[in-house]
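Peer 1: The primary structure of each chain is shown beneath.
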Amino acid sequence: MPVSQVVFLAVGALALGAAVRVVMSHRVFHAALWLIGSFFGVAALYMLLESPFMAGIQLFLYIGGVAVLTVIAIMVTKGGMRPDRRSTNDPWSSAVVAVALFAVMVWMIIQLPLPAEPASQVHGESLHLLGAALVDPEGYLLPFEVVSVMLLIVLIGSLYLGRER
Amino acid sequence: MAITGIPLSWYLIAGAALFCVGVYGVLANRNLIMIIMSIEIMLNAVVLNLVAFARYMEPARVTGKAFAIIVYATAAAEAALGLALIISVWRTENTVAVEEIDLLQG
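Line order of the protein sequences matches chains L and B. Under this note's numbering, residues 1 to 165 are what the first sequence spells out, in order. Under this note's numbering, residues 1001 to 1106 are what the second sequence spells out, in order.
Any given hint might turn out to be false.
Facing chain L, a subset of chain B residues (Cβ under 7 Å, in silico) [unchecked claim]:
hint : residue
1    : Pro1007
2    : Leu1008
3    : Ala1014
4    : Ala1016
5    : Ala1017
6    : Val1021
7    : Ile1033
8    : Met1042
9    : Asn1044
10   : Ala1080
11   : Ile1086
12   : Thr1092
Per the computed footprint, the stretches of chain L lying under chain B, defined by three or more beta-carbons under 8 Å from a beta-carbon of chain B, are [to be verified]:
hint : segment
13   : 15-21
14   : 45-56
15   : 66-77
16   : 89-102
17   : 151-157
Pairwise CB distance ranges (calculated) [unchecked claim]:
hint : chain 1 : residue 1 : chain 2 : residue 2 : range
18   : L       : Ser120    : B       : Ser1088   : 48 to 56 Å
19   : L       : Val135    : B       : Leu1103   : 41 to 49 Å
20   : L       : Val146    : B       : Asn1094   : 34 to 42 Å
21   : B       : Gln1105   : L       : Val6      : 49 to 57 Å
Please keep in mind that the hints were generated in silico from the structure rather than gathered at the bench. Note that beta-carbon positions come from the ideal geometry of N, C-alpha and C, so glycine has one too.
Work the whole structure out from these sequences, hints included.
Peer 2: This is the structure we're talking about:
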């Protein structure tokens, strides 16, 4: 077994195991900490995919933004779940749905003619091409600008929803 | 140095597994914050698929990553708005349990 496959399996087990701990956890704060571990595992998978830029975004945006925001929300809504109420639905029916969905997806994936090796890279810096494509009117300029307007709207809307009243 | 020896299907199966963990979390939990975290896991799995496709299927490695960056921006907006809604609901209802929030129930 090549060393890259061993590294993939180890990193994938970290990401997946941490994600399982997130959804199984009974304490929300522990779940948030495991969520950070899962994000780290996915960032390591991006490094295996030779995308250090995406790994950096993953660390900045998800761990620096989403995970910290989640921890703050947990602290603000302290005691939001009454301890006498069950915090989960019936886990078995949910597990059946999730496992069935996973089985269908794996069945579809193994039927597809997918490449075993990466596509040979064209000449040129990958990040440079990505940045040029994002601001190219022939490329992804429109979704880029739409998403920036959406972020502004969401910023204002979140401030409005979360304000003290 | 190129990292070789890992088929694309491994990444897709890892992404599918992460997505299904997120689906389980959305279905099984009653805490709104846990549901938001499960949705974040699902979005992460989707972006993992996009980045894997960008590396394996296209020589320029641009399209999948451009999609991934836009999904990232959407995910950040979703997390911020969702958590703002949770804080707003907590201020009025003093709960984050989904079955106790019946403000819009007739």
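Peer 1: Could you check if Asn1044/B really has its C-beta closer than 7 Å to a C-beta on chain L?
Peer 2: With Cβ-Cβ at 5 Å, under 7 Å, it holds.
Peer 1: Holds or violated: is the Cβ of Leu1008/B closer than 7 Å to a Cβ in chain L?
Peer 2: holds (4 Å)
Peer 1: Confirm or reject the claim that Val146/L and Asn1094/B have a C-beta distance inside 34 to 42 Å.
Peer 2: Cβ of Val146/L to Cβ of Asn1094/B: about 37 Å, so the range 34 to 42 Å holds.
Peer 1: If you look at each residue in the segment 151-157 of chain L, do at least three have a Cβ nearer than 8 Å to any Cβ of chain B?
Peer 2: holds (count 4)
Peer 1: Within the segment 45-56 of chain L, is the number of residues with a Cβ closer than 8 Å to a Cβ of chain B three or more?
Peer 2: Three-residue rule met by the segment 45-56 of chain L, so holds; n is 8.
Peer 1: Just to be sure I understand the hint, the distance between the Cβ atoms of Val135/L and Leu1103/B should be within 41 to 49 Å; is that true here?
Peer 2: Because 43 Å falls inside the window, the suggested range holds.
Peer 1: If you take the shortest Cβ to Cβ gap from Ile1033/B to chain L, is it below 7 Å?
Peer 2: holds (5 Å)
Peer 1: Counting residues of the segment 66-77 of chain L with a beta carbon closer than 8 Å to any beta carbon of chain B, are there 3 or more?
Peer 2: Answer holds; 8 residues pass the 8 Å Cβ test.
Peer 1: Quick check on the hint: Ala1080/B CB to chain L CB, less than 7 Å?
Peer 2: holds (5 Å)
Peer 1: Is the listed coverage of the segment 15-21 of chain L by chain B valid when you require three or more residues with a beta carbon under 8 Å from a beta carbon of that chain?
Peer 2: holds (count 4)
Peer 1: Is the interface hint satisfied for Val1021/B? The criterion is a beta-carbon contact with chain L at less than 7 Å.
Peer 2: holds (4 Å)
Peer 1: Close enough to count: is the Cβ of Pro1007/B nearer than 7 Å to one in chain L?
Peer 2: holds (4 Å)
Hints 8 and 12 from the earlier list are contradicted by this structure; the remaining hints agree with it.
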